[in-house]
Amino acid sequence: MSVLVYSESENGKLKKSSFETASYGKALSEKLETNLICVSFNCSDSKLLVKYGADKIINIDNANLKEFNSKKHSHALSQIIEKEDVSLVILSSSADAKYLGGYLAGITDSAYVSNVVQLPESINPFIVRRSCFTNKAFSSTEIIGDLKIISISSNSFGLKENNGDGTLETINIKEIETSFKVSNIEKQSGKVTIADADIVVSAGRGLKGPENWHMIEELAEVLGAATACSKPVSDMGWRPHSEHVGQTGKPVSSNLYIAIGISGAIQHLAGINSSKIKVVINNDPDAPFFKAADYGIVGDAFEVIPKLISKLRARL
Amino acid sequence: MNILVCVSNVPDTTSKINFIDSDSKFDKNGVQFIINPNDEFGLTKAVWMKNSNNASVTVLTVGDSSAEAILRKCLAIGADKAVRIDCEAKDAFSVAKEIVLHCENIKYDIIICGRESIDYNGGLVPGLIAGYLDYNYITNCISLEIDSGKATCAREISGGTEFSECDLPLVIGAQKGLVEESDLIIPNMRGIMMARQKPLEVSKAQNINSKAIDNKFFKPEEKGEVKLVKSDELDKLIDLLENEAKVI
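Going down the list, the sequences are from chains R and S. Per our numbering, the very first residue in the first sequence carries number 1; after that it's consecutive. Per our numbering, the very first residue in the second sequence carries number 317; after that it's consecutive.
Among the hints, a few may not be true.
[As the list claims (entries may be wrong)] Example chain S residues on the side facing chain R (calculated, C-beta under 7 Å, incomplete):
#1 D328
#2 M365
#3 S368
#4 N456
#5 S480
#6 A528
No lab work stands behind these hints: they were computed from the structure. All residues carry an ideal CB built from backbone N, CA and C; glycine is no exception.
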């Protein structure tokens with residue numbers, strides 16, 4: 001009755017989320033008094049997972065599984081689930097992991113709950129806490145089934161080192177036949193993505209136009225942050241949809257969220273609510289965002305941001 | 317070509333979220349319900365495909381009779397036919413299973429769901445349907461074109477876009493980008509009148525057991541007051557972020 005963690009990698013290297021899912025998996029496997037198996041695909045450094053408590057690491061080496069596909073990866077994982085007698089699967093909350101979860105639950109007829117924010121409240125019955133209503137509420141959810149899958153919200157558990165003596169096994173699993181074929185992947189290189197970012201710098205209509213975004217990008221660069229925007233800004237085409245955060249956009253659960261010239265509509269706040277620390281910079285002291293923020297500056301973004309950039313450059 | 321669009325009846329984005337019955341149920345009192353926004357992007361795309369691909373569009377929801385208002389709206393937007401599977405939508409698994417059973421009787425070339433609903437945000441239903449039916453599946457879908465039985469799609473991935481091709485049948489998790497916000501169709505009087513003539517079929521549910529049960533809801537803890545820093549004291553803000561919040 002093992003715990004299995006799907007350890008995501010990119011270009012052969014583990015993603016940061018893999019260390020969090022392994023840390024979570026370790027804590028849970030100890031609660032369940034069982035072992036932790038981490039499974040990666042075409043990954044060269046999966047041995048690092050030992051540091052976070054993996055008892056066994058299985059790296060699936062198959063060039064045909066290089067590009068992620070929920071169907072192919074689900075079928076590969078389901079073989080390991082069966083072989084290793086797995087009762088619990090842990091996923092991150094990345095776009096790929098959520099793409100995988102539903103399909104994997106379908107083919108294995110298992111119970112799947114996403115957006116889990118802490119270790120289970122109870123093991124028998126199995127009860128987890130998950131966010132719902134776009135972070136406007138949480139639910140204590142009982143999961144029923146012999147095989148359970150959970151996705152944990154990013155940055156909700158953190159990293160916990162746990163030196164073990166895990167073994168690494170490289171295997172080849174035959175991928176299933178499918179007509180699905182990736183024709184091209186376009187990625188902006190060197191840019192921090194919203195999903196992976198510890199810090200997100202976000203701006204709204206207060207910036208007055210797309211030509212003023214250079215200072216947002218510069219602030220993000222100084223902080224090593226991702227850039228994001230409010231819904232009106234993406235609807236007007238000032239910024240790409242992929243930067244839209246909020247209820248109908250992307251959720252943000254970073255450690256620091258800086259909102260510049262964003263008034264703080266309820267839909268926007270819902271999407272960023274699970275970020276730990278929120279800073280608002282707005283010239284309107286009555287902007288609703290001030291009620292949701294930890295720190296605030298009432299001031300003109302066009303004056304504050306350049307000064308903030310130069311002060312950060314001098315300090316960091 | 318047959319398209320099924322699965323829609324969910326969700327509280328309006330501005331709704332106050334409250335719970336009743338010792339915090340075990342969502343309080344629907346005074347709440348306006350809407351078509352889940354991600355589903356509406358998918359529906360709009362399907363309606364376009366009536367012209368571009370000569371498609372027939374069925375819209376389906378799993379829910380009690382209160383969900384019929386959104387089905388009528390979907391018909392007014394342009395769907396040809398509506399189906400309501402008559403039961404309370406309990407969890408993603410039982411909802412997906414009801415849809416799967418429907419799709420085993422009636423074959424669809426494309427099944428479109430929203431990427432996730434804005435109430436439970438699980439993002440499970442399209443994947444579960446695809447998994448149970450063993451169909452191809454794309455979620456976070458921002459582009460879809462069908463030509464001679466082949467789909468060309470784009471999926472938003474972390475930091476970019478993935479372009480792919482596959483055969484039908486196909487399950488889609490739709491989101492903004494598949495169509496734009498400004499493309500959403502506001503029903504006109506003619507559409508509303510025509511919707512009254514279109515079939516809305518109520519079918520019996522199979523009463524599938526849930527795999528996830530919400531025992532109790534909680535609201536996030538109240539936030540403390542915001543700490544205001546003067547705009548000419550930025551060093552103080554940096555100091556707070558560095559030493560108090562420890563986030564930079």
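Here is what the structure says about each hint:
The restraint placing D328(S) at the interface with chain R is violated, with a minimum CB-CB distance near 10 Å, outside the 7 Å limit. Interface hint status for M365(S): violated, as the beta-carbon distance to the closest one in chain R is roughly 20 Å, over 7 Å. Interface hint status for S368(S): violated, as the beta-carbon distance to the closest one in chain R is roughly 21 Å, over 7 Å. The restraint placing N456(S) at the interface with chain R holds, with a minimum CB-CB distance near 6 Å, inside the 7 Å limit.
Against a cut-off of 7 Å between C-beta atoms, the interface hint on S480(S) holds, since the closest Cβ of chain R lies about 5 Å away. At its closest, the beta carbon of A528(S) sits 5 Å from a beta carbon of chain R; the interface hint therefore holds under the 7 Å criterion.
The earlier numbered hints that this structure contradicts are 1, 2 and 3.
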